[in-house]
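Participant: The listed protein sequences derive, respectively, from chains Z, D, L and P.
Heads up: the first sequence at position 23 corresponds to 23 in my numbering, and the numbers run straight through without jumps.
My numbering runs 283 ahead of the 1-based position in the second sequence.
My numbering runs 566 ahead of the 1-based position in the third sequence.
My numbering runs 809 ahead of the 1-based position in the fourth sequence.
Think of the hints as simulated: they come from the structure by calculation, not from any bench.
One or more of the hints may lead you astray.
DEER-style ranges, computed between Cβ atoms [what the hints assert, rightly or not]:
1) Glu997(P) <-> Gly70(Z): 25 to 31 Å
2) Thr14(Z) <-> Arg345(D): 51 to 57 Å
3) Pro799(L) <-> Asp551(D): 50 to 56 Å
4) Lys1009(P) <-> Asp462(D): 44 to 50 Å
5) Leu273(Z) <-> Asn562(D): 41 to 47 Å
6) Thr304(D) <-> Gly112(Z): 53 to 59 Å
7) Glu603(L) <-> Gly112(Z): 46 to 52 Å
8) Thr14(Z) <-> Gln406(D): 50 to 56 Å
9) Phe867(P) <-> Asn185(Z): 28 to 34 Å
10) Thr14(Z) <-> Lys694(L): 33 to 39 Å
11) Leu724(L) <-> Asp355(D): 38 to 44 Å
12) Ile695(L) <-> Leu883(P): 30 to 36 Å
With a Cα cut of at most 30 Å, we get these calculated DSSO-like pairs of lysine-lysine [what the hints assert, rightly or not]:
13) Lys255(Z) <-> Lys538(D)
14) Lys601(L) <-> Lys824(P)
15) Lys275(Z) <-> Lys366(D)
16) Lys602(L) <-> Lys998(P)
17) Lys803(L) <-> Lys22(Z)
18) Lys998(P) <-> Lys75(Z)
19) Lys824(P) <-> Lys602(L)
20) Lys1009(P) <-> Lys115(Z)
21) Lys53(Z) <-> Lys824(P)
22) Lys137(Z) <-> Lys824(P)
23) Lys824(P) <-> Lys136(Z)
24) Lys79(Z) <-> Lys1009(P)
25) Lys137(Z) <-> Lys1009(P)
26) Lys75(Z) <-> Lys137(Z)
27) Lys824(P) <-> Lys147(Z)
28) Lys255(Z) <-> Lys535(D)
29) Lys75(Z) <-> Lys53(Z)
Note that beta-carbon positions come from the ideal geometry of N, C-alpha and C, so glycine has one too.
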Amino acid sequence: MKNGERIVEVDCITHVYPDQTKVQICGLDFVVNRGERVSILGSNGCGKTTLLKHLLGILVPRDGSVRVFGLDPGKEYSKISRKIGVVMQDVDEQILGPTVFDDILFAPLNYGVGKKEAVRLAQHVIERLGLEPIQKKIVNYLSGGEKKKVALAGALVMEPDLLVLDEPFTGLDPLSRRDFIQVLNELNREKGITSIMTLHEVDLAPEVADVLYLMHGHGDLSERGTPGEIFGKFKDLGSFNLEEPTLTRLFKGLKEEGLDFGDPLGIDEAIGLIKKHWNDTQK
Amino acid sequence: MKNGERIVEVDCITHVYPDQTKVQICGLDFVVNRGERVSILGSNGCGKTTLLKHLLGILVPRDGSVRVFGLDPGKEYSKISRKIGVVMQDVDEQILGPTVFDDILFAPLNYGVGKKEAVRLAQHVIERLGLEPIQKKIVNYLSGGEKKKVALAGALVMEPDLLVLDEPFTGLDPLSRRDFIQVLNELNREKGITSIMTLHEVDLAPEVADVLYLMHGHGDLSERGTPGEIFGKFKDLGSFNLEEPTLTRLFKGLKEEGLDFGDPLGIDEAIGLIKKHWNDTQK
Amino acid sequence: MSHIHLPDGVLPIWLWGSGFAVAILIGFVLFRFIKKEELTRRLPLLGMMSAAMVLGASVEIVPIAYHVNLTVISGILLGPSLIFMATFIVNVVLALFGHGGITVIGLNTLTLSIEGIFGYLFFRLFWKILRRLMPATFIATFLALCLSTFSMIGVVGLGVPHYEELLHKNGGHGVFEFKLIKEKDDHHGENKEKGEINFKRFIAIVLPLSLMGWLLEGVITTLMTRYIHRLRPDLLKLEKEAR
Amino acid sequence: MIQLSYLDYLAVEGKSFLHCLSPGWKIAGMLLVLSGIVLLRNPSGLLLLYGMLLSLFFLCRLPLRIFPLTLYPLLFAVLFIFVSGFQGRFILLVFLKVLSGSTGVVLLLVTTPYPLIFRTLDRILPSIFVTALFLTYRSIFILINVLEETRHALYLRRGFQWRHPWRSLVNISNAFGHLVIKGIEASEKMYESMVLRGFKNKIHYRGE
Ligand SMILES: Nc1ncnc2c1ncn2[C@@H]1O[C@H](COP(=O)(O)OP(=O)(O)OP(=O)(O)O)[C@@H](O)[C@H]1O
Ligand SMILES: Nc1ncnc2c1ncn2[C@@H]1O[C@H](COP(=O)(O)OP(=O)(O)OP(=O)(O)O)[C@@H](O)[C@H]1O
Ligand SMILES: [Mg+2]
Ligand SMILES: [Mg+2]
């Protein structure tokens, strides 16, 4: 968005798990530009997490190439790790404690930021995410939603350029989810943070993503587009084990009944469209 | 639904966790009648899982009483366990494997069903849930969604009267979710299975529940009603960390703009309402 | 009862003192030889297995005061040098939970790590000889537990003069007199060397209990190894030899 | 099972004067108690020590529920009865020593949150040990969770019944294997996330 610099490039990688499960992330190239918010959608077990792990150098591809900030994360992840914040699918193991505050300090201290500066950074992110009430708590006694937030704080504390989130919204209640989205979008707007996330909640996709990738079974990346493009024109989303967002389904249904209001993605937009149409016909 | 027999009755229970977290499930009585599909909504950490664990006798209340099939599950769960199928929030630990088929056989064998009959039961449920392709797999290598399905199979194999599901849809992709819902609703229709579940996806609530309970922070059960009642009339859902389903928000927004179409809960209903209204005004 | 958490204040100072000294020495040597990257890479696994041992140790199977140690399985998974550190941590954590002595952390680490290290070595050895997982694991566990129990008994035995000193210090008068007399009644004819007799009785109590422990732990370890072998064979690092 | 979370709760939420004392002082006090245990040879001195610890216990209004915890090491001390040949004085000495030790440790534990204890140890022990201690402590909780959930699963699916001992044993050993595998997988994930958060070869917990 900002300047089109390519931050991530993945070119047809193959990964074989020890039990010989083969995941081949191919088809379209997976490209992320600076400042973009990218979401990956696809069925269970299609390879989303596998893709993200390759970006982070946790897995190394058998074939194909991965570039993140121009480097190969499999080999040189330590050079770029400072620019990347990560929240994995399973936050429990990501939180190292002992207290929330210590956990958030983990990254700054390990990157050799001075003690004072580290505390400042931690306090900043705690304030931003509203974690003050729990900052002294021992991490073992947090609820699921709180753990997610602490993990996000740990990812944001180094003020990364790129956020990698694996199903950040699962298990959160609707309002926490909305808060989470708001923080992410603010960061994107203010600091131009690039984000890559996977998710299953199609209804949220238009709110959190500029670009969507759809992934077929076993890694086939076969669609790329804005939420409007992906959901708007008819696609066989069923083959991705996806469905359209509620609003899209509603307005497609209306179109089939002969009432063409357009293809809104947000509720306000939808209300606007219906109202406009209504007033037009009334006149 | 069928005959109104009370299956579950919870009367103001208090639970204190070892670290002195107190959860008081009070306010309304929690009552479930045979054949009902009941869902519990509420914010993270409000006590939904705690309530379910009391129904299963995993936790025993300090005060108050719990009745399931007329017995106290804390004391006599073994007498009713055969009638209850359970899918917990964390399916990972629920699957005891080693292979999918072994896992599904687990309950029948432990209930002393003969080997042959056990295999028949397992095959039946595998067929019903479409698990044939993975039935020989080792459970550790399943993806999240597949694990959920295996856990459901393990819960259904004994053909229970009551299903207890804790956030069954988190982490499932949209189509698997729909399949899951369809299976549940078919079972409810055909066999009159009663179900109690917690969930965070308000959009799904109207499809899976006849009765909704809303739970406030720390266990306060303060609303009971059909999805239409809960979402239809204005309630301060924000105080439950909830929001209305997308459709409800859309139609409320339209109402505020002076376009009152009604309060639909499903997409087809919504299309029907808009169309009817439209035709009425056209005439 | 493969391993007893010796309590504070029973053993003589020189004994637990040298226990510390030897443990620190071994720890230091291992620390020099182990690769730092190796250590840090496996630190979480070390923590996890230590946690498993702590949990095992705190789940008491009441009637025989037995608790699983999981030391051998941890030894097999961690290798000989890391298991030493793991047992040290286990003992520190257990001591902090009021579970065992603080002064005897050194000695406890030594006896417990004998179990882990020899468990590992025996497992490799018997795997080479037998080529079959379950017997190899069982024999390795059994023998390793034997060794550690005997070394524990040895440690307690070394303290015998000290106990006698405690006994005889001013054991001739006061409330305890009649007990002593009663004791004499019980053991007339065999009061040649009191300490030795008592120590034999100690062994006579410990060994049968331990035997049950060895068998139980052997079975548990074997079943667990089988399960691990089935799901994550890579963890046992058998490929080199297996092929 | 030790009620770890309850102990943590007491340590964090307690308000007695021992809670307010700095952990360094408490550890020094603990060392004093230890040297008392090691050096004292007569029952009266040990009785005094134990009495002092007990009165501290009650002065701090610690709940009686945790008192049995201080008795736990007696299980092991019982064996020494056999060494002594049932001599009252010896048994009394050993029991008092053991009880003083465990009461001291429990006092320390329930009045000091564990991060503070470990951090104080950091000054004495090599930092790698202390890091391993922290990781162990965190792992205990992850494992306890897995253990609990697995236990619930066994219970809900009737995996354990006295009527079928053999099936039950097989189920339980499978569950144990499950536990170890889960633990190992969790430790792998922990390592991954440590690396992702800047860990190279040395852990910096608090700024050193
Ligand atoms: N450690 C592993 N060992 C073997 N196979 C694995 C492992 N992890 C994942 N797989 C397999 O690789 C495939 C892709 O898994 P992945 O976790 O990337 O899916 P996903 O798209 O993230 O799914 P979900 O939406 O359920 O999280 C699946 O078929 C899965 O069974
Ligand atoms: N084992 C435990 N020990 C201590 N506190 C606990 C434990 N389990 C739950 N709690 C606390 O009890 C409260 C209710 O937890 P519960 O798991 O019932 O919430 P929930 O409604 O299921 O939340 P979620 O939607 O996140 O699953 C929370 O405040 C939680 O922190
Ligand atoms: Mg995934
Ligand atoms: Mg829950």
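Participant: So, for every hint listed, does it hold in this structure?
Facilitator: So, going through the hints one by one against the coordinates:
Distance hint for Glu997(P) and Gly70(Z): a CB-CB separation of about 28 Å, consistent with the stated range 25 to 31 Å. As the Cβ distance of Thr14(Z) to Arg345(D) is approximately 56 Å, the hint placing it in 51 to 57 Å holds. Hint check: Pro799(L) to Asp551(D), Cβ distance near 53 Å, so the stated range 50 to 56 Å holds. In this structure, Lys1009(P) and Asp462(D) meet the distance hint of 44 to 50 Å, their C-beta atoms being roughly 46 Å apart.
Under the hint 41 to 47 Å, the C-beta atoms of Leu273(Z) and Asn562(D), about 19 Å apart, miss the expected range. At roughly 38 Å, the beta-carbon separation of Thr304(D) and Gly112(Z) lies outside the given 53 to 59 Å, and the hint is violated. Roughly 18 Å separates the CB atoms of Glu603(L) and Gly112(Z), a value that falls outside the hinted 46 to 52 Å. Between Thr14(Z) and Gln406(D) the CB atoms are about 35 Å apart, so this pair departs from the stated range of 50 to 56 Å.
Phe867(P) and Asn185(Z) have their C-beta atoms about 56 Å apart, which leaves the hinted 28 to 34 Å range violated. Between Thr14(Z) and Lys694(L), the C-beta spacing of about 36 Å keeps the proposed range 33 to 39 Å intact. A hinted range of 38 to 44 Å is violated for the C-beta pair Leu724(L) and Asp355(D), which are about 56 Å apart. A hinted range of 30 to 36 Å for the beta carbons of Ile695(L) and Leu883(P) is inconsistent with their spacing of about 43 Å.
In summary, the hint linking Lys255(Z) to Lys538(D) is supported, as the alpha carbons are separated by about 21 Å, within the 30 Å threshold. For a cut-off of 30 Å, the pair hint linking Lys601(L) to Lys824(P) is broken: about 45 Å separates their Cα positions. Restraint check: the Cα-Cα separation between Lys275(Z) and Lys366(D) comes to about 52 Å, which exceeds 30 Å; the hinted pair is violated. For the hint pairing Lys602(L) with Lys998(P), the CA-to-CA distance comes to about 20 Å; that is within 30 Å, so the pair holds.
Of the supplied pair hints, the one linking Lys803(L) and Lys22(Z) holds, its CA atoms being roughly 23 Å apart against a limit of 30 Å. At most 30 Å may separate the alpha-carbon atoms for a hinted pair to count; Lys998(P) and Lys75(Z) meet this at roughly 19 Å. Pair hint Lys824(P) plus Lys602(L) does not hold up; C-alpha atoms about 42 Å apart against a cutoff of 30 Å. For a cut-off of 30 Å, the pair hint linking Lys1009(P) to Lys115(Z) stands: about 18 Å separates their Cα positions.
With a CA separation close to 46 Å, the supplied pair Lys53(Z) and Lys824(P) exceeds the 30 Å bound. Of the supplied pair hints, the one linking Lys137(Z) and Lys824(P) holds, its CA atoms being roughly 16 Å apart against a limit of 30 Å. Our distance criterion of 30 Å between C-alpha atoms is met by Lys824(P) and Lys136(Z), whose separation comes to about 16 Å. Taking the CA atoms of Lys79(Z) and Lys1009(P), the gap is near 11 Å; set against the 30 Å cutoff, the hint holds.
At roughly 27 Å between alpha-carbon atoms, Lys137(Z) and Lys1009(P) fall within 30 Å of each other, so this suggested pair holds. A threshold of 30 Å between alpha carbons decides the hint, and for Lys75(Z) with Lys137(Z) the separation of about 37 Å lies outside it, so the pair is violated. The straight-line distance between the Cα atoms of Lys824(P) and Lys147(Z) is roughly 27 Å, inside the 30 Å bound, and the hint therefore holds. A hinted pair counts as satisfied when its Cα atoms are at most 30 Å apart, and Lys255(Z) with Lys535(D) qualifies at roughly 21 Å.
Note on Lys75(Z) and Lys53(Z): the hinted pairing holds, with a Cα-Cα distance of about 13 Å set against a maximum of 30 Å.
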